Structures are given as structure tokens and as C-alpha cells.
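There are 2 protein chains.
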Amino acid sequence: MNEPTRFGTVTPEVVERLSAILGAGGVSVDGEKIAVYSRDEVAERFWDRPYRAEVLVFPESTRHVSEILRMANERRIPVTPRGAGTGLSGGAVPAFGGILVSFERMNRILELDTENLCMTVEPGVITAEITRAARKAGLLYAGDPCSGDASFIGGNVAENAGGNKVIKYGPTGSSVLALEVVLADGSVTWFGGKRRKDVTGYDFVHLMVGSEGTLGIITKIVLKLLPLPAFGVDLLIPFPTVEAAIRFVPRIALEGRVTPASIELVDHHSLSQAEKFLNTRLPFDQAAAHLIVQLEGNDREVVADETERVGKLALEKGALEVFVADNRSSRDKLWKARKSVAEAIMAYYQNYAKEDLVVPTDRVPDLLFAVDALCRKWRMEAANYGHVGDGNIHVNLLMADDRPHWHEDMEQARQELYETVRQLGGTLSGEHGIGLKRKAYLPQFLDAPQLELMRRVKLAFDPNGILNPGKLVFWDKKTGEAGA
Amino acid sequence: MNEPTRFGTVTPEVVERLSAILGAGGVSVDGEKIAVYSRDEVAERFWDRPYRAEVLVFPESTRHVSEILRMANERRIPVTPRGAGTGLSGGAVPAFGGILVSFERMNRILELDTENLCMTVEPGVITAEITRAARKAGLLYAGDPCSGDASFIGGNVAENAGGNKVIKYGPTGSSVLALEVVLADGSVTWFGGKRRKDVTGYDFVHLMVGSEGTLGIITKIVLKLLPLPAFGVDLLIPFPTVEAAIRFVPRIALEGRVTPASIELVDHHSLSQAEKFLNTRLPFDQAAAHLIVQLEGNDREVVADETERVGKLALEKGALEVFVADNRSSRDKLWKARKSVAEAIMAYYQNYAKEDLVVPTDRVPDLLFAVDALCRKWRMEAANYGHVGDGNIHVNLLMADDRPHWHEDMEQARQELYETVRQLGGTLSGEHGIGLKRKAYLPQFLDAPQLELMRRVKLAFDPNGILNPGKLVFWDKKTGEAGA
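The listed protein sequences correspond, in order, to chains C and V.
By this note's numbering, the letter at position 203 of the first sequence is numbered 209, and the numbering carries on one by one without gaps.
By this note's numbering, the letter at position 38 of the second sequence is numbered 44, and the numbering carries on one by one without gaps.
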């Protein structure tokens, strides 16, 4: 059994080697810069200590990454890949120091293949650029994380980012056809291809997706594209209670016979934060909850028809009103509000637990009842929003800024919440990832055989444990590790 | 390093233990029965020798499977799981004898959950029963392999069966939300859940899908369901050349802005075999190729509109005619012909190579040109059909029954074909699996690091190598194994 905590350190000679591989401009040991790059969107105050890489590198090619890994593997130096730092779980935080690999210079769209409906990109391309490039060609890239204007596609793949269109198109992984991967020892391989189906060997494409950089480092991604729907409409539907909003959600498919691209929930508390943050107002903003339902299609009349059907059904099921946004500016305003909720809450609250729970869709009401009860018990507030169409709710537990022992209280409240989620058939994270933040809770959701399989699969891919150590996998149940 | 070829044998005491677990009625050592169950749809004349299990068992519960595996693992006895035997790659053929596990008694639909749009089934349920049960509830199970009237869902999952609706809904794996799995040591775990997204740990659900029973034995499956489209139409479109038919395929999405549920190709030779086999006739059966395009939707007018758009476009692009089947009996007749092609060819030819190639969709014409050239060079015929919409073509190379050395000739022709496929960015199998039949060819399509990763992952899940040994994984590159 290897012991991944006996890592090699980044000596001056290692920095020299890295400079020889990357050129002097591709390597940084500047403490301030390293500090900036060693973070993601999880505030440092939530960690037990600041985590810092020892050296920061900026590869420009697969060959660079390969040479970095070959050297790191020989010397047992940890390597943490990093996208744009928009992560919400500390997945790109270098838990054991070592080499931090920024992909900002591997940011090219390599090919837009309109015949095979796919795009080949480097991991440092910003998600929204992919969406735009596809749209220009009349095509849709279906990934749509809220952080898409800033996030890198490599991070989206590594965390299997979800976002706003999962109910119709699946998470990021559903759009991944192939990956070029540098393995721990520096060897380079391709999983998958420009192929819509493939049973030639184990499905390592989807094993890599969501593996948080612990199994290999992704250097190229082939993304599936779809014909761009010609028409789209967003419905903003306020409800008098959160429960009424949630109970309406399954009716859209079951009674309305419509599969929207998005069904998003924003409760009153979440909406207020977003309005304050953006200095804007949305209609009926005193309502307990709003749903945003996005419909799309190629036929204007069908979309209009579905809009009417969903709107009518909503009013039957207790909606206060139905607002239809069918032009660019009103649609953008709506989504800007929805997408800013996370940032707004973090701006106005210090003491929060930002959760990424997922339960079977019909248990969402039970989950939110339980959150209500928790709030009363622990004298705290909650802001709930997220992808209600797929059962993925971002529950935010909020405690007063001046509350003593808030951290201990929050931890206990969180434990009770997790126990409820488990009982509801739910799990720890739907799209934000485990990272450093949630690793300690994994054993509440995955049984011992499964944790052991994860450990063995990690060993199969990365015998020396150099790839993003401290994430996802427990090397040694007795000693534990950072984040465990 | 374990040596999986040093397997334990099925002694009378093992049979006794199995009878104690399953009851006497759950165990068979009847040689004739074992011979029948030790086959799939690959004719035995294609194997180097007949493969036979030593004992056949019929578990009725997860507990049964768990106890069988615990015992087998202790004694290093091979265990091969088996569905309905409709496989086309020898995936369920017991290459090393041992215990053959038939799932015909684990054939219950355990739950149809109309709120969460999913169904929980045992592996021995016939695929078509799932489709019917879903349809009764107004829901769609999107898996649609041609063998669906006979195949078991467990086999569909183990091989990641494709079928006729992959372009719209993906292969079987896209419908799998969760799996109950018995691991090699008999422990029982669940991968996934009734959740539309989940990043809590590695994606072992999709690692299991298509792993051909080599990593664990599936005992329950949670399948995703969708709202059933209210209207469907099939277009039968004859073309004067295969090339014209294929070149039309991408125009459907790109110019027609339509995403059909199916785009199937049947060439003249394939259609003739099916007509003879079914004693039926389809219109324009002298045409070089037919496409079957299935359209579906919830709005009768939209479907009618799309039908017209696709039909008109087809005629512009050289179709000889467009036949619209919009009632049950004409649609059934069409699909019966399509689904019988494989069986028909096997009925009329002895010396065939039945391939399951997949290439990037825009390379399908190149693939078929290469097949033409091969036919001329090797003096043979070809029948080509399949899922042209996703680049998965069942190329059938056919040699005269009385040809001497046909096997050697075929092998060489096949090698040349595979080399072409590789150069086109294609691969060995899109949906039939590797099994015993294609294992020897894996190294032409997967590089050494990948084969080594497969070996290590296999070891991680199954340290003693008892699970369907001889399939997918090379234990020892030097000695090779059965099928290798």
C-alpha cells in the first residue's frame, strides 16, 4: 500500500525542471499569485487552514502536461489541476501543496465539426465561449452552469457540472463524447471518440467525468452539439407557497406533456438577495417562490402552444400569475437574477452552509419541510433555490453574523439535514462536487464496499496518489487525510 | 499478480452447496440443458471449441446471487451471468466453465414510479415488457434494441445495448439511473439512485454499464422513463444509391432542423434477405437502399409538418419516393422487416462476418466505399444495414457456402476492414459488445495504457478474476487467454 502523504516537495531543482519544460514565463513561485490561484469560490474561512501550492504552472500543450506529470510522478509531487476557480467545493484547492496547474493558456477551440455535430476544445476555454461558438453555427452546446460566463469547460467536466438544462439534456457528462487524458505517469491517451456510441472497452469517458482530477488530467474534450432550437420562451411563475410551486413541477410533464429545458426554483429569500445584489426588481417579488420554466422548440406555434398550456396549468395549480419573457432583454434579466443568487447570498452572509442536495424529485417537498423545521430548531434562516426539475436544491442555511459558536451549530444542523437527505433517498452533491468541502461526509452516503472500490480505482489510475490528493478518495481509513 | 486461469472446479460438494442456497430446483447439472444455456446468438462453429459451464443456477433473489458469489469467490470458481442469450458477441458464453447464472427467475418489475418517472426491475425482465408497462402508464422507456422482444434488460445493461432510438435518447446506459450490484466477494451495494444527477463519488453506474459482467453482477436496475410522445410516424425512403441515402442523413438535422427518434439504413441485399425470411414485400424493394426515419412528438400538426419537411428534403436530395407509415399495422410491418435483417442473414448464410462497426457519422460513406472495394478484392458480398443516424453500421461480409478456406480469407478481409475503421476514427463495436468474439481485436483499437487501466480496474473490482473471465480484459499479455 502506497502512502500518499509521503509526498516529495518542490525543490529549486524541480522549479528549474519545470522552467525547462514550460519556459520561465510558464512557471511562477510568486507567493501572492499562488495564493490567488490556490482558491476557488469557497471562502478560505471555511477551511481549517489556508491551502497553498508550492509552484504554479501554465502549460500550453498536452506535451507540457505530460512532461509535468512524468516528473511529478517520479518525485511523488502532488499535482492539482485548476480551471477558472469558480468551483464551490474546493475541488481545485491544492490540499497537499505541490504543483498547481492552471489551464488558462490551453484555451483554444480546436475544431467545430458541423458534420459530426461536435466541438473539440482545450480545458481552458470558457464555457460561454463554447455556447457562443456553437450558436454561431446554428448549434446548441447543452451545458449551462450558472457560472458559465467565467468557468472553464475543463472544470465543468472534472466536476460534471449541472446547471439549468439538465432535465432536458443531462449534466455536462452527457455532452462529452471523448477526452484526451494525461495519465499519472505522463502517458497520453484518448478515451472515446467522435462516436455517438461505443462499447469497445470500459466506459472510461464517464468515469473521468466528475472524478475531480483524481484519475488523470484532461487536455482535450470533444463535446456533442445539437441543432439549436429556433425559438425559446421563459415563464416566470410566482406561487403563494414554496410547496405549491414544487408540487406543480411534475405536473408540467405528466399533465402538460411538455419537457422544458429548465425548471428552476427561487424562493422569496433567495430572490430578495439577488434583487438587492443586482439593484433590480422582478414582478411579484413578495411571492413565497418563483418558478422559471424554459420552453424551446423549432416551431413558433408549438412553443406558443406549450407556453399557453403550461401557463394555464400553473394558474389551475395555484400560481399567482404567469409572466412570459419572449424577448432577449426580458429573458436575460430573468436569468441574470437566477444566476446571481449564489453570489448574492455569499455577499450578504458570512455564516452560511451552501448545500447542493439532490433527492428524488417527488421528495423535494419533504426536503424543504425538513429545512423549515431545522430553521426553527436552530434559529436560523434558509434560502432555497436551484434545479427543482431534477431534484437538485441549493439549500443555504444562514446564521446571524454575530452568533457565537455558529460554526459548531451549523455543523450540527448540517448533520441533521444530511441524515434527512439520506432517508429521502437523496445524496450529498448533485453538481458542485465533493472536493475538500464534502469529503468528510462521503461515508454517510456511500457504503464501505463502495469507498473501498473508489480507493482501488484511484490506485489503478494513480498508484502514487499524486493527482489532486485529498479529494474524493480515502487512502487510509485510520489516519484520514486533509478534508477527511 | 493473481492468475485467473488457476480456477477452482465445480465439485459435487460445490453443487451441494449451491443446492443448499437455491433449493434443488434452482441448480442443474444436466449436460443438454447446460449446452443450451452456454450459447448465445453467435453460432458455435465460430468458436475454437464449444464452451460449457459446469453447473447452471437460477437465483430468485439478490441474496441468492450474493451467496453464490461469496462461495465462488472463496473457491475461485468462474461465474458467468446470462440474460436471454440474444447476445451477438459471446458475452454470456462461459469461457472458463464454472457457474452459469441464468436470470430468468429474477424477472419482476418491482416498481413503476410515475412521480419520479422511473421503473425498478430485476435483470431477467424482457425488454419489451418494460416498454409495454411504461406505455400503459403513458411513459416511454427509450431503450429499443432489435432483439427487445426476447432480450433481458440485464443483458441490455451489461452490453450497453443500442438499438433504434440512440440518436434521440442515447444507448441503454443513458436510461440507467441506478444499479444494485453484487460484488465479486458477495457484498451487495447500490450505485446511483432515483436521482437525475449525482456527483457523490465516481460514476460507477456507467462504469458497470457495458462492462459485460466482468466487474459485478447486476441484480436490480432503476430505469429512467420519459413522457410518451403522443404521435409517431415512420418514413420509408428508397434511394437509388447507398451513398445518396447516407448523404441525406445529416441533412435531416442540419437543413430540416428535425431530430428523429430513429434513422435506420437497410441496403438492398439486407432488405432482400428480410423479405425472403418474412415472406413479405416492401415498396421499391429494388432500390439500392432504404432509410427508415421515425418522427415523434406531442403535437399532431408538428409531426405532420416535420414529416412533410423531411419528405420534401429527401426528394430534393434524390430519394425515389417517400412512403409514410402512420398507422400501427404499416409501422409494425416496416419495423418487423428492419428488425429481422440480422436473423435473416444468419438463416441464409453460413460463412459470414457480422460486424458492429461505428465511425464518425460523416465517415459512413467512406466506410461503405471501403466495404465495396473489399468485396471486389475478396470476391464476396456484403449486406449493410443499421443505425446510420449514429454511425453504427452492421456490415455483414458474406462468402459462398462452398468456398474453401473461407475462414482464413474472412479473417484477412476483416483485418483490412478493421484497419480502415481505425483510420476513419471508428471503433470495433457500437452496441453488440466485445465478449469472446472481438476480444482479440481490442489491442488494435485501444492503446497499451488503456488496456492496462482496464486490467487494473478489473482487478480493483474482482481481485480473483472470477467474474465472466475471458471477456474484455487481458490478464496477461504474454500468455493471453480464451478468445484472446
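Hints are computed from structural coordinates only; laboratory data are not their basis.
Keep in mind that this is a model prediction, so the values were computed, not measured.
Among the clues, some could well be false.
One copy or two, either will do: identical chains are not told apart, so a pair holds if it fits within one copy or between any two.
Stated by the list, open to error - List time: in silico DSS-like cross-link candidates among lysine-lysine, alpha-carbon distance up to 27 angstroms:
no., residue 1, residue 2
1, Lys323, Lys142
2, Lys142, Lys174
3, Lys174, Lys226
4, Lys383, Lys345
5, Lys318, Lys282
6, Lys174, Lys342
7, Lys342, Lys142
8, Lys342, Lys226
9, Lys339, Lys323
10, Lys318, Lys174
11, Lys226, Lys39
12, Lys383, Lys39
13, Lys174, Lys339
Which numbered hints does this structure break? 4, 5, 8 and 12
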